[in-house]
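Engineer: Single-letter residue listing:
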Amino acid sequence: MKQPLRQGGGFTLVEAMLALAIFAFAMVGFGTALDGVLEAGALARREAFARAALNSRLAEVQSLASLKAGNTTGEPDGRGITVSQSIDSLSAQGSDGSDLAGLWTVTLRASWKEGGEERSLDSKVILYRP
Amino acid sequence: MKRTMATGFTLVEVVLALAIAGLLAISVFAMISASTSGTAQLATESLRERREETLTRLLRQSFANLPIDGGVVLTNIGGDVTTSAALAVTNAPGGMGFLADGEWSGGWILGARPQADGTATLALLKLPVRPGSSTLGDLMEEGPWLPVFPGISRATWRFRTKQNNTWSEAWNEGSGRPDLVALSLEFADGSAASEHLFWLPPVVASTSSAPSSSTINQPVFGTRTPDASVVPTPPASVPSVPTVPGVPIP
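Those sequence lines, one after another, are chains A and B. In case it helps, the working numbering puts the first sequence at residues 1 to 130. In case it helps, the working numbering puts the second sequence at residues 1 to 250.
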């Protein structure tokens, strides 16, 4: 009889705060997961764009009649991919010890910015242009 | 007095509780709709990216394996002026993944076909071995065109040879074989345009039998000249020389 009527009639403040905190954690986790999925998709897409840019640059270098040693850095394309290339003469000897001329090392790098982070894909081929 | 206090919620309490519940519901709804639209956009973009990757891979293979008497011509397939230019590749059995036998293995045309909704679809037309000009006209009119890349607004082709390093917007029957072909795609939804370059390896006629135009049913495949860039003899001092360049990604 002396028990106050409020007893058992609702949640205490601590219980309510705990429930809210759990809910907030769940929501933050959900948001982070969603963000991660979208970011991974964007990264995969950018990597595909970078691969395409490398393939195109490789085609262009392969179509040249002669190569010259040197470095070039291009401008970012419409998708934000910058391709830089470096061509070096490769010194190699044949089985009889003679110098093999006309071998070039072509190093290509496609770089782009992903969420403030610098990312890049590299590709290296050896071409024969006597 | 004490009893009335415990019988229920006051109006203020109910309103407050409703407001909090409403805020929560709104935030949850916003999150769900953001996730739905984000996922849908991701699906659309990755579908287009996969289409583009597949198309460029097919084109890369087709150009790399173009027979010695295969022809590359920029032709007109009619329709809107901005989309009428199409690339025709003749005497190229097996191009673009088609079977390399039978009457319908002459080559292919890839061009943008206007659609009813104002966009264009890049479509592929299979060519017979010896198309007459009237047959060709009927074919382009009636198809069957195989849709390969929807949602574009314009496809532009450019050509270059290694002798002349300037791009040419036109390529006729007499222009010979280009060394580099560029395909620019502009998209109907306004996303950034893309450009892809394709290399056509140089070919030389085999010495035993010179190819002529009468042998188009059995095209003579040329051998590639040394600048097909395979290292002739891998020197022992450089063990890591790759023998097959052209696959840029490890």
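Keep in mind that the hints were calculated from the coordinates and are not lab data. A hint or two may mislead.
What the hints assert, rightly or not - Residues from chain B that face chain A, not an exhaustive set, calculated with beta carbons under 10 angstroms:
no.	residue
1	F29
2	M31
3	F63
4	K162
5	Q163
6	S191
7	E195
8	F198
9	V203
10	V204
Computed from a predicted model, the values in this text were never measured in an experiment. Glycine included, C-beta positions come from ideal geometry on N, C-alpha and C.
Engineer: If a hint holds in the structure, say so; if it does not, say that too.
Structural biologist: For each hint, the structure was consulted:
| no. | hint | result |
| --- | --- | --- |
| 1 | F29 | violated (12 angstroms) |
| 2 | M31 | holds (7 angstroms) |
| 3 | F63 | holds (9 angstroms) |
| 4 | K162 | holds (4 angstroms) |
| 5 | Q163 | holds (7 angstroms) |
| 6 | S191 | holds (9 angstroms) |
| 7 | E195 | holds (7 angstroms) |
| 8 | F198 | holds (6 angstroms) |
| 9 | V203 | violated (13 angstroms) |
| 10 | V204 | violated (15 angstroms) |
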